[in-house]
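Trainee: All chains should be modelled from the sequences, with the hints used to inform the complete structure.
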Amino acid sequence: MTPSMNIDVSYPAEVAPGEVFDVTVRPGPMRTSQGDNTGRFTFDVGLPQNADVLEVGVSGATGLNGTPSAVRLNADKTRNDANGQVARIWGGASARYGPNSSTSNADNGLFAAGSGTDFRLPELSMTLRAPLTPGEEVSVNLPGWNNSNSGTNGNAAGTDFQYVRTSSGLFGNTNQQRQCSSGAAAESLTLTSVADVDPVVLDSSTALSADNSRVGPGQDPGNLVALVNPEYPVSLAGQDVTFRHTGSGEVVGTAPINASGRATLPLEPFTALAPGEPDVLHTYVAEYGGIDGDIRASESQVLTITNTAEPTVTNETTFVMTATLGDETDEGVEVDIVATINRAAGVPADAEAQLFRGDTPVGEPFVLPEGNTITFEDVVARELATRSHAYRIEFVTDHVEGYERWTGRTPAPVSVIVRGTDPNADPSPIGPGLPAGSLGSLGGLGGS
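Residue numbers (the UniProt record's numbering): 1 to 448.
Just so you know, these hints were derived from the structure itself, not from any lab.
Simulated restraints, written as ranges between beta carbons of each label pair:
id, residue 1, residue 2, range
1, PRO256, LEU191, 33 to 41 Å
2, THR397, THR283, 30 to 38 Å
3, ASN258, GLY346, 27 to 35 Å
4, THR340, ARG79, 45 to 53 Å
5, GLU277, THR246, 21 to 29 Å
6, ASP198, GLY249, 31 to 39 Å
7, GLU310, TYR232, 40 to 48 Å
8, GLU277, ASN315, 18 to 26 Å
9, ASN258, GLY63, 43 to 51 Å
10, LEU191, THR62, 26 to 34 Å
Glycine included, C-beta positions come from ideal geometry on N, C-alpha and C.
Mentor: Here it is in structure tokens:
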């Protein structure tokens, strides 16, 4: 394969301290020399260690199959690393070195088909933020600069460009891996100086949230969580956020910002309110102090947490019901009802429930059994007209303990249809061939 010795770059010669700027690097045009496929192309660029790397990306590949992208690697180029020192142009597959590597299967990742095929790798773009010290210089390079690796020799850290070539023959496919390093000129592909001028200070924003917006008697109020977002994705890890109660002006605590930009402060328990006492509102803000000459301070909007005497957590037991019609006489029809109990955790042992037909209680209230099913028998009096009857179960009363409430209900009442004793009393028509014991409901029919 014939690689170009040219690499196109773009970069500003000078920037202000803290300024955000773009650098681009693009390998020159190339042509495959032989083989059926030449692929698993990767091209590596060393990122500056004295600047914040905000984003890397690619654009503009020509003559290649596959989907180009950019990925960051650790310094040894053995694994992906979101904060790595190397940016790799690739198509999801590496040749000899790096993630998803192989010395065969050239038709993988970025590849060019056939011999004599002209192609060009995409442009790698890097968005950087300059250091804050005037006089510093920011540059990107090729990691293998001044390294003699080429052909089949070398190592991962010293390889800048690699690929696999596959050729077919009478005795099967032949795979050849190639990797290349670069000369001393690649030590600095770009050079951007930090001028002695006022720094570019980034804005920031702070948002405040809480685990619980309402806190009942005895409930752990949970955490206040501040999310601090700088204008660009620079790390704020280790800096502090101050949390303040706006009602009293008291600082309730400080917490460090983690790698994801969040600072978390556990709240002290609130004073439990007695039943009937009015709600008490607690209002908070989060304050990020910023960094002088680097990132501006910001403050969240006011967040309100309500301390209430009412329960804030509802634990619902549900009853999934079936109903089957049994023997029918002129006077009535037997109904067998089975309820499957989906029991909420912590439901009180003395919780009572009631079976209803329509709004009419059937039998006496009952305590939940130890098992997960309960059966009932009912007899529905036959009336002149055919009627639908719906069954449901509800807790007799809700049980409240501290901030928790336990309720019970049937999400979907089950209905049975009981034929009337006088067909002439039914709406006309009631439907052909209505059998005894049908389940369901009929529109326009009365129900108990």
